[in-house]
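Peer 1: Here's the letter readout for the chains.
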Amino acid sequence: TQLLEQSPQFLSIQEGENLTVYCNSSSVFSSLQWYRQEPGEGPVLLVTVVTGGEVKKLKRLTFQFGDARKDSSLHITAAQPGDTGLYLCAARNAGNMLTFGGGTRLMVKP
Amino acid sequence: DAGVTQSPTHLIKTRGQQVTLRCSPKSGHDTVSWYQQALGQGPQFIFQYYEEEERQRGNFPDRFSGHQFPNYSSELNVNALLLGDSALYLCASSGQGQPNTEAFFGQGTRLTVV
Numbered sequence: 009t010q011l012l013e014q015s016p017q018f019l020s021i022q023e024g025e026n027l028t029v030y031c032n033s034s035s036v037f038s039s040l041q042w043y044r045q046e047p048g049e050g051p052v053l054l055v056t057v058v059t060g061g062e063v064k065k066l067k068r069l070t071f072q073f074g075d076a077r078k079d080s081s082l083h084i085t086a087a088q089p090g091d092t093g094l095y096l097c098a099a100r101n102a103g104n105m106l107t108f109g110g111g112t113r114l115m116v117k118p
Numbered sequence: 015d016a017g018v019t020q021s022p023t024h025l026i027k028t029r030g031q032q033v034t035l036r037c038s039p040k041s042g043h044d045t046v047s048w049y050q051q052a053l054g055q056g057p058q059f060i061f062q063y064y065e066e067e068e069r070q071r072g073n074f075p076d077r078f079s080g081h082q083f084p085n086y087s088s089e090l091n092v093n094a095l096l097l098g099d100s101a102l103y104l105c106a107s108s109g110q111g112q113p114n115t116e117a118f119f120g121q122g123t124r125l126t127v128v
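So the protein sequences, as listed, match chains A and B.
Sequential numbering of the first sequence, starting at 9, is according to our numbering.
Sequential numbering of the second sequence, starting at 15, is according to our numbering.
Just so you know, the hints here were simulated from the structure itself, not pulled from any lab data.
Just so we're clear, the structure is a prediction, and the values are computed from it rather than from any experiment.
Note that beta-carbon positions come from the ideal geometry of N, C-alpha and C, so glycine has one too.
Honestly, I wouldn't trust all of these hints.
[Stated by the list, open to error] Ranges of calculated distance between the beta carbons of each label pair, as one might list FRET restraints:
no.: 1; chain 1: A; residue 1: 59; chain 2: B; residue 2: 116; range: 15 to 21 Å
no.: 2; chain 1: B; residue 1: 70; chain 2: A; residue 2: 90; range: 30 to 36 Å
no.: 3; chain 1: A; residue 1: 17; chain 2: B; residue 2: 16; range: 15 to 21 Å
no.: 4; chain 1: B; residue 1: 27; chain 2: A; residue 2: 48; range: 37 to 43 Å
no.: 5; chain 1: B; residue 1: 27; chain 2: A; residue 2: 49; range: 20 to 26 Å
[As the list claims (entries may be wrong)] Some chain B residues flagged as far from chain A (calculated, every beta-carbon gap over 12 Å):
no.: 6; residue: 18
no.: 7; residue: 20
no.: 8; residue: 34
no.: 9; residue: 91
no.: 10; residue: 116
no.: 11; residue: 117
no.: 12; residue: 119
no.: 13; residue: 126
Taking the hints into account, I'd like the entire structure generated from these sequences.
Peer 2: Right under this line is the structure:
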């Protein structure tokens, strides 16, 4: 069973601060995905990382896949209140079944 | 283009009862997966339906069953409800035509068992 551990579980910061959340496992993955989920909504895909060492940017969000493809990180620069939500990493198997981490709940205060 | 729609949005049931949740996939999608998300946790995979058959199943008891209809919509049934079944139930749809297609999630059904 693939186990994805996310840290921290909770993060409360002021608007304008930077932050990094982590997704770690002892397993090697062919790809990892990051989702954001807002209250009352389903998760929305932000990015898929596939290649070890890969870095992808989405506006103020930077995603990195570890060289060994066992871990990933999400860095947010100059966080905004609109970034508030639950950030989930997930591994996908060949049948498109997703295994999620426990999530990082981010609150950005104005 | 309607996304994934789930009904009802909220539901309260008594322990021991049975419940049916419904999902309509995004237009053009033929694969439906169901997930259970307990409060404060990440979603857990229940099962996946394709061509009206269960293709994959997570670690959930037989009280959880499902169905997919010819129009690709799906139902999740849970029998003999337990208090621990209280959760947000998410449906995700994806296309089968290409491998590793993106899964789109509905807004979920919030089930409370009392």
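Peer 1: Now look at each hint and say whether the structure bears it out.
Peer 2: Consistency of the hints with the structure:
1. 59/A <-> 116/B: 15 to 21 Å: holds, 18 Å
2. 70/B <-> 90/A: 30 to 36 Å: With a Cβ separation near 35 Å, residue 70/B and residue 90/A satisfy 30 to 36 Å, so the hint holds.
3. 17/A <-> 16/B: 15 to 21 Å: violated, 34 Å
4. 27/B <-> 48/A: 37 to 43 Å: violated, 20 Å
5. 27/B <-> 49/A: 20 to 26 Å: Roughly 23 Å apart at Cβ, these two residues keep to the hinted range, so it holds.
6. 18: Per Cβ check, residue 18/B is inside 12 Å of chain A; nearest 7 Å; violated.
7. 20: violated, 8 Å
8. 34: holds, 19 Å
9. 91: Fine: 20 Å to the nearest Cβ keeps residue 91/B off the interface.
10. 116: Given a closest Cβ separation of 6 Å, the condition is violated.
11. 117: Not fine: 6 Å to the nearest Cβ puts residue 117/B too close to chain A.
12. 119: Residue 119/B not clear of chain A: closest Cβ-Cβ about 3 Å, inside 12 Å.
13. 126: Given a closest Cβ separation of 14 Å, the condition holds.
Of the hints listed earlier, those the structure fails to meet are numbers 3, 4, 6, 7, 10, 11, 12, in rising order.
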